[in-house]
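Visitor: Take a look at the letters that make up each chain.
Number of protein chains: 8
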Amino acid sequence: MEKDELHALFQDIAEPSQAATRGKDSGFADLGFAKVDLTRKQRNGYPEVIYGEGKTAEQIIGIIETMRKQTVNILCTRLSSEKFEQIKKVEPDAAYHKEARCALVNRAEVKKTSSYIAIVTAGTSDIPVAEEAAVTAEAYGNRVERIYDVGVAGIHRLFARLDVIRAAKVVIVIAGMEGALASVVGGLIDKPLIAVPTSVGYGTNLKGVTALLTMLNSCASGITVVNIDNGFGAAYSASMINHL
Amino acid sequence: MEKDELHALFQDIAEPSQAATRGKDSGFADLGFAKVDLTRKQRNGYPEVIYGEGKTAEQIIGIIETMRKQTVNILCTRLSSEKFEQIKKVEPDAAYHKEARCALVNRAEVKKTSSYIAIVTAGTSDIPVAEEAAVTAEAYGNRVERIYDVGVAGIHRLFARLDVIRAAKVVIVIAGMEGALASVVGGLIDKPLIAVPTSVGYGTNLKGVTALLTMLNSCASGITVVNIDNGFGAAYSASMINHL
Amino acid sequence: MEKDELHALFQDIAEPSQAATRGKDSGFADLGFAKVDLTRKQRNGYPEVIYGEGKTAEQIIGIIETMRKQTVNILCTRLSSEKFEQIKKVEPDAAYHKEARCALVNRAEVKKTSSYIAIVTAGTSDIPVAEEAAVTAEAYGNRVERIYDVGVAGIHRLFARLDVIRAAKVVIVIAGMEGALASVVGGLIDKPLIAVPTSVGYGTNLKGVTALLTMLNSCASGITVVNIDNGFGAAYSASMINHL
Amino acid sequence: MEKDELHALFQDIAEPSQAATRGKDSGFADLGFAKVDLTRKQRNGYPEVIYGEGKTAEQIIGIIETMRKQTVNILCTRLSSEKFEQIKKVEPDAAYHKEARCALVNRAEVKKTSSYIAIVTAGTSDIPVAEEAAVTAEAYGNRVERIYDVGVAGIHRLFARLDVIRAAKVVIVIAGMEGALASVVGGLIDKPLIAVPTSVGYGTNLKGVTALLTMLNSCASGITVVNIDNGFGAAYSASMINHL
Amino acid sequence: MEKDELHALFQDIAEPSQAATRGKDSGFADLGFAKVDLTRKQRNGYPEVIYGEGKTAEQIIGIIETMRKQTVNILCTRLSSEKFEQIKKVEPDAAYHKEARCALVNRAEVKKTSSYIAIVTAGTSDIPVAEEAAVTAEAYGNRVERIYDVGVAGIHRLFARLDVIRAAKVVIVIAGMEGALASVVGGLIDKPLIAVPTSVGYGTNLKGVTALLTMLNSCASGITVVNIDNGFGAAYSASMINHL
Amino acid sequence: MEKDELHALFQDIAEPSQAATRGKDSGFADLGFAKVDLTRKQRNGYPEVIYGEGKTAEQIIGIIETMRKQTVNILCTRLSSEKFEQIKKVEPDAAYHKEARCALVNRAEVKKTSSYIAIVTAGTSDIPVAEEAAVTAEAYGNRVERIYDVGVAGIHRLFARLDVIRAAKVVIVIAGMEGALASVVGGLIDKPLIAVPTSVGYGTNLKGVTALLTMLNSCASGITVVNIDNGFGAAYSASMINHL
Amino acid sequence: MEKDELHALFQDIAEPSQAATRGKDSGFADLGFAKVDLTRKQRNGYPEVIYGEGKTAEQIIGIIETMRKQTVNILCTRLSSEKFEQIKKVEPDAAYHKEARCALVNRAEVKKTSSYIAIVTAGTSDIPVAEEAAVTAEAYGNRVERIYDVGVAGIHRLFARLDVIRAAKVVIVIAGMEGALASVVGGLIDKPLIAVPTSVGYGTNLKGVTALLTMLNSCASGITVVNIDNGFGAAYSASMINHL
Amino acid sequence: MEKDELHALFQDIAEPSQAATRGKDSGFADLGFAKVDLTRKQRNGYPEVIYGEGKTAEQIIGIIETMRKQTVNILCTRLSSEKFEQIKKVEPDAAYHKEARCALVNRAEVKKTSSYIAIVTAGTSDIPVAEEAAVTAEAYGNRVERIYDVGVAGIHRLFARLDVIRAAKVVIVIAGMEGALASVVGGLIDKPLIAVPTSVGYGTNLKGVTALLTMLNSCASGITVVNIDNGFGAAYSASMINHL
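Listed in order, the protein sequences are those of chains A, B, C, D, E, F, G and H.
Last residue of the first sequence: 244 in the UniProt record's numbering, with the numbers rising by one and none dropped.
Last residue of the second sequence: 244 in the UniProt record's numbering, with the numbers rising by one and none dropped.
Last residue of the third sequence: 244 in the UniProt record's numbering, with the numbers rising by one and none dropped.
Last residue of the fourth sequence: 244 in the UniProt record's numbering, with the numbers rising by one and none dropped.
Last residue of the fifth sequence: 244 in the UniProt record's numbering, with the numbers rising by one and none dropped.
Last residue of the sixth sequence: 244 in the UniProt record's numbering, with the numbers rising by one and none dropped.
Last residue of the seventh sequence: 244 in the UniProt record's numbering, with the numbers rising by one and none dropped.
Last residue of the eighth sequence: 244 in the UniProt record's numbering, with the numbers rising by one and none dropped.
Treat the hints with care, as some may be off.
Said to hold, decoys possible - Keeping only pairs whose Cα atoms sit at most 25 Å apart, straight-line, the calculated DSS-like set for lysine-lysine is:
hint, chain 1, residue 1, chain 2, residue 2
1, G, 207, A, 207
2, C, 207, A, 207
3, C, 207, B, 207
4, G, 207, E, 207
5, D, 207, C, 207
6, B, 207, H, 69
7, D, 207, B, 207
8, E, 207, F, 207
9, F, 111, B, 207
10, H, 207, D, 207
11, A, 207, H, 207
12, H, 207, F, 207
To be verified - If we take Cβ atoms under 7 Å as the criterion, some of the chain G residues that face chain E in the derived model are:
hint, residue
13, 35
14, 37
15, 94
16, 97
Since the hints were made in silico from the structure, they are not lab data.
All C-beta atoms in this analysis are idealised placements derived from N, C-alpha and C, irrespective of residue type, glycine included.
Use the sequences and the hints to build the structure in full.
Guide: Structural data, given as structure tokens:
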């Protein structure tokens with residue numbers, strides 16, 4: 001924890017008028033359409049992440065250029081392949097993870113943890129959300145184990161992989177439809193479990209609301225939940241836990 | 001199936017003006033506040049059941065008296081113990097099932113089926129709904145096996161009773177909270193499964209809506225669902241299936 | 001029921017680490033993106049069904065190839081005609097049911113039941129869901145009777161076909177809009193009734209939620225319900241009942 | 001239609017400052033807590049009705065005293081028996097309709113219509129709402145025919161009374177649970193049908209919302225709907241139609 | 001009312017097996033995908049209407065051909081212009097009402113009523129729903145007065161047209177957004193008012209649900225409500241009332 | 001605006017560890033169960049208000065004692081008369097406004113504004129919410145005009161009072177049921193309008209949600225909305241505007 | 001306030017039949033598809049605004065032509081660039097604000113206020129809604145300060161701009177996702193705050209409903225709320241306040 | 001981790017028929033109304049917890065007696081003081097935490113962690129949920145720091161305690177109303193944050209649903225969420241993380 005930088009941050013909070021004139025020294029870079037947070041790593045342990053949805057390729061490039069000097073492995077989530085093509089021309093080191101719909105820029109080797117995060121899905125259709133989680137976790141220096149398509153309709157598939165799940169330091173369970181897998185895994189492990197409902201399903205699945213409700217009401221303890229399809233958020237929290 | 005009585009019923013449908021003058025011959029007894037259905041057994045296989053909620057003890061007694069001549073084992077569901085006390089004075093053969101909140105009147109021996117209905121609950125708090133189902137099923141001549149408190153938080157309890165569940169002709173699974181038990185059982189048996197969501201839970205359980213949604217969206221096949229806390233309805237359908 | 005295979009299955013559950021090394025002997029085939037369930041027939045009475053939505057044609061072909069050696073009449077539901085065209089090139093015996101949006105592969109003669117499933121719809125727009133049910137039921141060896149467009153706006157159409165509905169061993173009622181047909185049929189038959197709400201309607205129909213709620217709250221007994229537009233699920237349960 | 005009074009009303013609208021000084025001549029009597037509408041009969045054909053819920057007995061008495069000089073058969077709905085007892089002491093000609101939870105004050109003979117309103121209920125528990133409708137309709141000079149407990153679970157009961165329903169000038173159908181009765185009646189008559197959903201039911205009935213949705217989405221034409229348990233409103237509209 | 005035909009209809013209800021063999025004499029024509037209701041005019045006063053949504057042009061043509069012999073002014077609602085072009089080739093007398101998205105076939109002169117239906121909208125965007133209502137009402141022989149764009153944001157526009165609204169026999173009020181117009185008109189007239197919520201609006205308008213709720217909870221009496229955007233249904237009921 | 005005090009506040013924000021030792025100097029008084037905000041007047045223009053719901057009388061007394069030295073006219077909202085009786089014993093200058101369910105303590109004369117806030121209700125049952133607003137506004141030094149029971153069912157009552165509404169500096173409109181009054185008033189004035197939905201109504205009123213939705217979707221401009229029954233919040237904002 | 005014109009308006013209300021013959025003198029111009037409100041400026045302080053959604057370019061041009069003689073700076077919101085291109089051909093002085101999706105026609109210099117409205121957004125994706133607000137406010141003669149992308153994830157960005165926010169006469173806070181920014185700003189200022197929820201977000205954001213609920217339930221006082229994405233409405237109210 | 005006991009557990013899963021005869025050796029004790037899970041500590045790291053809601057005092061005593069031999073610090077949550085009084089008579093070492101509504105039985109010293117869990121509340125009314133969390137965490141051997149009533153309406157209170165929050169190993173944030181505190185804290189710390197929505201609030205708070213939605217949609221990363229009012233669940237997960 002860099003105490004000095006943190007202190008400076010709060011100084012900025014205390015004296016807003018000075019910060020306004022100091023510009024970038026105030027802890028962010030003001031691009032007009034965006035105020036890029038330059039002290040998030042000090043406050044939160046990780047640099048700002050670019051949420052690609054609803055931003056133009058030009059805006060994303062502007063943010064990347066601002067972050068590039070001080071951040072490696074800049075992560076951009078919810079990025080269409082069309083926008084990536086435009087970004088790629090300006091940022092030639094950018095790499096796209098198609099299934100995860102994520103890009104990484106200014107890439108560098110990151111030391112991986114020895115403990116790992118287990119990422120478990122109920123079905124094949126949940127894999128894009130799982131890959132968003134996996135790419136995020138790996139970008140943050142975590143070892144990841146993928147255990148896909150072990151939903152409760154064929155519960156023996158889960159039992160066959162239970163050892164690798166139980167040996168993780170933290171487990172992410174990703175499921176759509178009725179989301180029952182989170183409860184079953186939660187009842188069989190002694191590690192923190194982060195559940196991610198997905199919008200996979202139809203009718204009364206209500207675009208993932210059913211899986212969300214299932215996970216929030218689990219009879220198994222030790223389960224916390226993130227927003228529907230939020231693979232990134234689950235991995236972010238899991239990474240914090242895995243690095244403890 | 002008594003074809004002749006059925007034919008008479010449809011005659012009544014065809015000639016309403018005559019039926020109106022024929023009174024009770026029209027297939028029902030008109031008590032003013034209620035028109036007691038006297039041909040339900042011919043049409044549906046079971047006599048009318050008295051839904052006690054929202055009826056006074058006096059109204060219930062009136063309906064019992066009308067049914068008594070032609071029906072044995074008159075079932076009254078959703079009956080408070082206070083109302084039962086009033087009914088008991090007039091109908092001394094009435095028996096009350098406290099946990100199930102049901103009463104049986106005009107009781108008679110019914111031949112039990114050799115095949116049985118398995119009634120499975122996730123928790124202890126689901127037992128009142130399970131007992132409503134069990135009392136109904138037994139009144140209709142079904143053998144019943146009760147397997148209570150085997151929710152997925154301790155899934156080995158379910159596996160320990162799986163043999164008796166798998167050997168049933170039809171299975172009723174009753175669960176509140178997130179209702180995941182239905183999916184797990186559904187993935188392990190080859191018999192029709194009727195799922196009953198209960199209002200057990202709090203917060204986003206939404207008085208049983210979460211368990212209902214879970215059951216409707218199950219990734220396991222072969223599951224059909226009834227209304228929240230509707231133990232009677234599940235047993236009614238299960239009895240039809242068990243008698244096939 | 002093949003007891004020995006079932007026992008082996010539970011052995012696998014007990015010793016996950018062995019199962020993991022045994023690979024396919026563990027009861028499933030691991031394709032990476034999917035773990036194809038190879039013991040579902042032993043557990044559930046029917047082989048795994050491929051849910052086509054959200055899977056690529058390549059993934060579906062991979063699963064078919066895995067199942068082909070041990071399963072006949074492989075069913076793939078929710079399959080677009082575009083994907084089918086791709087599959088057809090690799091699986092020339094595949095047959096597409098356009099209205100049902102289902103494909104059958106590795107087809108073989110199945111002995112049909114003498115008893116039958118009645119499939120009843122309220123309107124013409126409910127026919128695609130009904131055909132998904134019919135194709136599923138026939139693939140599972142059931143005789144099917146189709147009674148389409150007999151909704152309560154013209155209730156005499158229903159009465160004209162009531163004999164064929166009453167003679168079924170199990171009845172599927174499919175309706176959108178307000179879904180009242182399920183209650184009316186339920187009040188006139190003495191067989192299990194599985195109700196399927198459809199998303200046909202507009203405004204406060206809420207994409208089928210209204211029909212679902214109607215069916216769950218039916219004043220007629222003996223009705224169980226599946227998810228909106230889930231013709232497959234209704235037929236799966238009906239087939240279990242019809243084979244009892 | 002008293003054109004002169006109506007013209008005066010609109011004059012008041014045009015010149016609010018004058019009306020304010022004219023007091024009661026402005027078309028209402030200002031009691032502080034209430035502004036009693038004295039021109040509603042000219043505008044709407046019926047005098048103001050007192051909605052008892054959320055008003056004290058004192059407030060209700062104050063409104064009655066204001067209306068008494070110009071209005072006969074003052075109707076107060078949603079009135080508890082406790083409040084009525086207090087009112088009765090001051091208004092000795094007040095009569096209470098217990099099941100309807102309505103009171104009538106300043107009673108006078110009203111000439112009844114020769115045509116009649118049919119009030120039809122699905123069950124016994126719907127009767128309180130039906131009686132609110134019946135008392136309202138009769139207070140407004142309508143002949144009423146009550147046809148209670150003819151829900152679709154025993155549809156022959158409906159057919160037995162179909163003649164009296166078909167002969168009405170306007171029909172009110174009152175149903176809780178799934179509310180299917182409205183669609184069935186709507187498909188069999190050629191008169192305007194006003195449907196009243198009731199809060200009778202449990203679980204996913206959602207306090208009447210299910211019956212409301214059913215009625216709004218009816219496949220039968222010619223059905224309009226009022227708020228849940230709004231027997232008064234249905235009778236008010238029906239009376240307007242019956243007097244055409 | 002043709003009593004004899006009605007009697008025959010109920011005969012069919014009574015003896016379903018005979019009706020099945022009699023085919024079209026049973027009161028409908030069975031086209032396989034549809035059972036065209038041929039006795040609706042006897043039962044309901046109007047012939048069956050073709051709901052175009054979810055039906056192919058071929059299906060619609062088939063139904064028109066079946067109805068043509070006994071019905072004039074066949075109405076088809078919710079019909080896209082694309083489908084109409086296909087129908088027009090086979091049915092050259094078909095006329096399309098673009099704004100209303102309705103077609104009329106087998107057209108004939110109908111005697112118009114002297115009393116009229118007032119159709120009132122809050123805004124310009126509500127006009128398509130209003131035209132569906134107007135075309136329907138005119139097809140059924142009603143005189144119609146259109147009063148468009150008189151919403152409460154400029155309430156003097158409403159007052160300027162109040163005379164023509166008050167002189168109608170029945171009033172249809174069509175509004176989106178918050179739907180307040182229905183309450184205001186309801187407070188100023190003494191005729192039945194049918195309110196139609198439209199899906200015009202955004203955000204918490206929830207595709208018309210807000211306007212629907214407003215109309216159901218109106219503090220003005222004498223208002224009944226139909227489904228969102230259901231111009232046809234409002235006109236159907238209004239026509240019944242206007243012909244009394 | 002006391003700049004110096006504000007600066008001190010932000011100093012506290014900057015140096016949390018010092019603030020913690022300084023105790024009350026940090027801008028709040030720490031009572032363990034509560035941290036009473038002592039700088040809210042500097043930041044927000046008004047001192048903290050005590051929300052009585054969910055606090056014990058003892059807790060409320062503790063907070064009053066802390067605030068008393070620096071604040072006059074301490075306002076406590078959502079206070080039952082039972083709790084007030086307990087408080088009154090310790091704070092003898094406390095005054096209770098029964099209809100508003102508010103108490104004022106440490107009362108002092110406040111200079112009233114010459115401009116005023118108009119508080120308008122649709123019905124008699126909305127008065128408790130209106131009084132909460134009126135007591136709040138008066139405690140904050142605003143002149144208030146009450147215009148009660150002028151809902152749109154009798155719109156001439158509104159027009160008769162329009163002059164006094166139009167002459168206000170800011171208008172609060174309070175309505176339950178369908179809440180249409182807000183739109184009508186909004187269309188007739190040129191001042192900011194704050195709309196308060198109330199939970200008055202039944203059935204699909206959904207405890208005020210309907211009135212809220214109506215107000216959020218108003219076709220009239222210049223309307224902003226607060227939470228259901230939030231008379232206090234409306235008056236707080238109106239007071240800010242009235243003091244501009 | 002032009003009293004005479006206002007009086008004339010109410011005369012029109014009083015005598016609707018005269019107004020109907022007087023045509024445009026009645027306070028509006030009747031274009032058939034629209035009744036353009038010509039007295040809104042007298043009643044509400046601002047002329048009618050054209051809501052572009054759901055209107056054709058032809059309809060919009062017709063309304064502009066009607067308003068042009070008496071109104072400068074005619075504002076058209078929710079206008080696609082396609083429609084604008086069509087309008088531009090006929091109205092060459094029209095100017096389009098692309099990000100705001102607004103057009104201004106018949107432009108004229110308006111004197112700006114010395115006090116200003118602060119428009120604050122949580123993120124970059126909220127800017128289109130903010131620009132709709134800014135264009136509206138500027139068209140109505142308000143000075144505007146834009147403070148974009150200062151959401152609570154990096155709260156120091158907000159503190160750095162707090163001075164400019166606190167110095168505004170009224171503040172608009174625009175936020176999607178969880179909308180927490182409104183509460184934080186509300187706790188730090190002593191001016192009226194109008195909160196605008198946006199539909200930015202995914203999953204349980206429910207298209208802006210979450211942000212709306214957050215804002216309605218804020219623990220900070222002095223916050224009023226408008227419909228989701230309603231930048232126009234917020235600016236309209238803010239302008240009224242800023243001009244006090 | 002006791003591998004041998006775990007292996008035995010899975011043996012039970014594998015051979016259900018044996019387990020059924022072995023009784024308690026199967027990993028649970030069968031009390032009829034409950035199957036007490038005796039291997040939860042091996043599987044999940046903590047023994048079973050008794051959820052007191054919906055269980056009778058007798059049932060709870062039965063479960064305690066079963067657990068007492070192998071478990072210390074048996075925790076019973078959601079326990080009313082009435083039930084506790086009954087339990088206390090039989091279990092004299094039981095201690096009740098009134099504000100938390102929890103009881104601890106068979107108490108023993110547990111070694112506390114050196115790292116701690118920070119429990120933060122927005123208001124005073126959230127304290128009962130916070131105490132449920134604190135009692136749970138302490139029972140599981142965690143050091144706890146309580147920081148109560150630091151909601152965003154007076155954000156300086158939060159900043160004054162930020163140091164103690166930032167120094168925790170895991171943070172629990174508990175808030176009702178709009179729940180914005182979770183986002184603000186989340187943006188200022190670099191540790192896992194578990195957010196607990198409470199049912200504190202009124203109107204559109206919807207019994208905690210609003211706070212839940214806020215927390216799920218937080219713009220700050222690193223936040224996971226549990227069910228409304230679920231202090232126990234948050235502490236359970238936090239304890240797992242704190243013990244890593």
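Visitor: Is residue 207 of chain D close enough to residue 207 of chain B, meaning Cα to Cα at most 25 Å?
Guide: 12 Å, holds
Visitor: Given the hint that residue 207 of chain A pairs with residue 207 of chain H, test it: the Cα-Cα distance must not exceed 25 Å.
Guide: 23 Å, holds
Visitor: For the pair supplied as a hint, residue 111 of chain F and residue 207 of chain B, is the alpha-carbon distance within the 25 Å limit?
Guide: Not OK: residue 111 of chain F and residue 207 of chain B at ~51 Å, beyond 25 Å, violated.
Visitor: Would the pair residue 207 of chain E and residue 207 of chain F pass a check requiring their Cα atoms to be no farther apart than 25 Å?
Guide: OK: residue 207 of chain E and residue 207 of chain F at ~21 Å, within 25 Å.
Visitor: Going straight from one Cα to the other, do residue 207 of chain H and residue 207 of chain D come out at no more than 25 Å?
Guide: 18 Å, holds
Visitor: Is the hinted pair residue 207 of chain G and residue 207 of chain E satisfied, with a Cα-Cα distance of at most 25 Å?
Guide: 12 Å, holds
Visitor: Please check whether residue 35 of chain G passes as an interface residue: C-beta within 7 Å of a C-beta belonging to chain E.
Guide: Interface hint status for residue 35 of chain G: holds (4 Å vs cutoff 7 Å).
Visitor: Is the shortest C-beta separation between residue 94 of chain G and chain E less than 7 Å?
Guide: 20 Å, violated
Visitor: Going straight from one Cα to the other, do residue 207 of chain D and residue 207 of chain C come out at no more than 25 Å?
Guide: 21 Å, holds
Visitor: Given the proposed pairing of residue 207 of chain G with residue 207 of chain A, does the C-alpha separation stay at or below 25 Å?
Guide: 12 Å, holds
Visitor: Taking 25 Å as the top limit, are the C-alpha atoms of residue 207 of chain C and residue 207 of chain B close enough?
Guide: 23 Å, holds
Visitor: With 7 Å as the cut and Cβ atoms as the points, is residue 37 of chain G at the interface with chain E?
Guide: 4 Å, holds
Hint compliance for this structure: hints 6, 9, 15 and 16 are broken, all remaining hints hold.
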